[in-house]
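S.K.: Take the given structure of chain A and dock chain B to it, following the hints.
Protein sequences, first through last, are from chains A and B. Here the first sequence stands for residues 1 to 324, numbered as in UniProt numbering. Here the second sequence stands for residues 1 to 444, numbered as in UniProt numbering.
No wet-lab data here; the hints were simulated from the structure. None of these values were measured; they are calculated from a predicted model. Just so you know, not all the hints are guaranteed correct.
Simulated coverage check for chain A against chain B, where a stretch passes if three residues somewhere in it have a Cβ under 8 angstroms from a Cβ of chain B [unchecked claim]:
#1 159-171
#2 174-185
#3 259-268
#4 282-289
For each residue, glycine too, the CB sits at the ideal point set by N, CA and C.
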Amino acid sequence: MSRLRDSVPPDEVGTTTVATGADAVATPPAAPPRRRRFRTHLLVFIAPAAAIYTVFMVYPLLDSLRLSMFAPSDGGQVFVGFDNFVHLLTDDLLASAFWNAVWNNLVFFAVHFFVQNPIGLLLAALLAGPALKGRATYQALLFIPTTLSVVIVGFIWQLIISPIWGFVDTPLLGQSSTALVTLALMSVWQYIGIPMILFYAVLISIPDELTEAARVDGAGGWSTFWRVKFPLLLPTVGVVSVVTYVANMNAFDLIYTVKGALAGPDFASDIMGTFFFRTFFGFQLQEGSSTMGATVATMMFLLILAGVLLYFYGWQRRVESYQL
Amino acid sequence: MSKRLRRLVPITGAALLLLAACGESVDPRENTDNAGDDGSDGSDGGSGDQVTLLMESWRNDDLAIWEDVILPAFHEQHPDIRVEFRPTAPDEYDAALDAKLSGGTAGDLITCRPFDVSLRLYDEGHLAPVTDLPGMDAFDDIARTAWSTDDGSETYCVPMASVIHGFLYNKAIFDELGIEPPETEEQFHEVLDTIAQNGEYAPLVMGTADQWEAATMGLQNIGPNYWKGETGRKALIEGSESFDDPQYVDAFAELASWSEYLPDGYESITYPDAQNMFTLGRGAIYPTGSWEIALFNEQADFEMGAFPPPPPEGQDTCYVSDHTDIGVGMNAATEHPEAARTFLEWTTSAEFAELYANELPGFFPMSDHDVEVQDPLAKEFLSWRDECESTIRNSYQILSRGEPNLENQLWDLSAQVLNGTIEPQQAAAEAQKGLERWYEPQQK
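Bound-form chain A, shown alone (with noise of 0.2 angstroms):
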């Protein structure tokens, strides 16, 4: 791609490399002075996601960052600037809560990293190992979870676990000390499929060539799995990690039909998701504030685009992306 962009000539890096791309499939070299004609039927295939994608996510997105500078007086709204911001991180309630909840879903995060990443490589590795029967039915069953319903995720496990009704005593669910724990091991459950589906696709990718040549080398199976593949995986696991990293950081459902929005006990499970909906909603005899709502929304947003940049200029920039 790096080699692509070099390609391009200074004075045409204003113009998109796909129209670039485009031009040289599309044009015979004969013809250069049609080459700089602006194609308009690229705008056309590009309006409707760009219209639908602004409107559904740029309109509400930059008119949430409005309103956290906004607070409500008098039935009405007016600027404050970054009162919110400084009341949120100030506030001895909202900031104590605030913090909790980012911690909160750190560990949540964290839960899925150690324990998402390593059981969906392991089982990718498994179903992308030689001569297994029923790979397909595998591959399947393990990856129905991430197809259902969160509502019914959530009630299963819940009976599953219960002390009454499951076959587990200790309340897991009801416990501090537990229950963030519990609740993140229940989604990584329910989406293990998904990096276990993208491993295996990498895995099987891989040309026999490469392993072949390890195993004349004199790498046994283990050696050929760290030094060969992994190395073809990290790449991968960058994207996986990335991914979700954004869902848990945005990640609401579970906890919220599990828990409830209280996300108790004593909020040892609420994360970001639930203290939003909390503030921006309000909660039993709470009052709801849309603009605190607002406040803390953006904070989601700038903690994920930390996260997201972090993986783009520490990761993404230095892992080796090999060309198979």
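M.R.: Only chain B this time, still in chain A's reference frame:
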């Protein structure tokens, strides 16, 4: 190209037909519905004069009863008014109503939550005052508190129903173990010990997973005996008592003593779990409120009894939480204020009280009409109004207006006291700290 178009013709045709079918099927159905209802109402007045009122509510469980029993009774007397009951899911009601009111699409009649939620709607001009509505004298001050301004000068909703807290018990288990419903707190603990020693049933069925049961069915159930009902509730509001006073610590301590009688793993038992456990006969006593009666009558195949929260030793007066829960008011922007007031006036009548109390056992009308309640369990709950002093939950009026609001805090604290993660003393201190943070009369 034309070939392709031709292929599209049948598809487009089918789609059009489908659309047409949808359109046609909706309209006639509505018409027949109206025609049928007009006939059954026995109204011979032209439907042109009829006024239709929409009623907003969160009681979607009661839809059938409103449509089949309560509203037909009203329509019979007022053939020129049609009321339609349009409930929303309980947890979406407040937000949905807010949006509809500000968008001008809300119904003519509004079911009112108690206290601040409705007070805010009144202050914003969405609810019309009903202070001078004929029939309002059927309600005393306690009944009106939940829907009156702080100084009590204006009332904006007609009180409709309250729920009474207490304990339900499984008579079969009590007979089997030879125990009687307790009358004092000491006896209560003896009864619990007896059931615990037998070991077959959970003495008390409740969980703390959803948190609100711990506060609503726990603390607010037994608490009034400690803080002397209305006296203590008002003293908290005035600031002459504080939440870390001994009576509140004692209430938390009594609640904490329940934890050894709760089912194993109660920390993760949810409200529906507890309901099922009790109705399946796996537990003996269920701390609750009267709203449970209708459902439990349906689900439990054993006889149930009820007893009020037993007062501590040496206390003669008993206090019950007779919590004002449902009111009904009028959208200030309604196009038919006269018709709406006619309906509201009807809800103050003895006839309405009688219908409501018997169709929805466990929801008790608050008017002073003599109402004959048929359901034995509901009757038992209702009799406590005469034997004990009535009060309402102490966190509902005024004390939940700030951050942190007392109600939500009590959920958390009560659940934690039962879970054993904080001491009763600490819980009371936390609640007081929360009040002092924003409530002036408590800032000393």
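S.K.: State for each hint whether it applies.
M.R.: Hint by hint, here is what the structure shows:
no., hint, verdict
1, 159-171, "holds (count 8)"
2, 174-185, "holds (count 3)"
3, 259-268, "holds (count 7)"
4, 282-289, "holds (count 7)"
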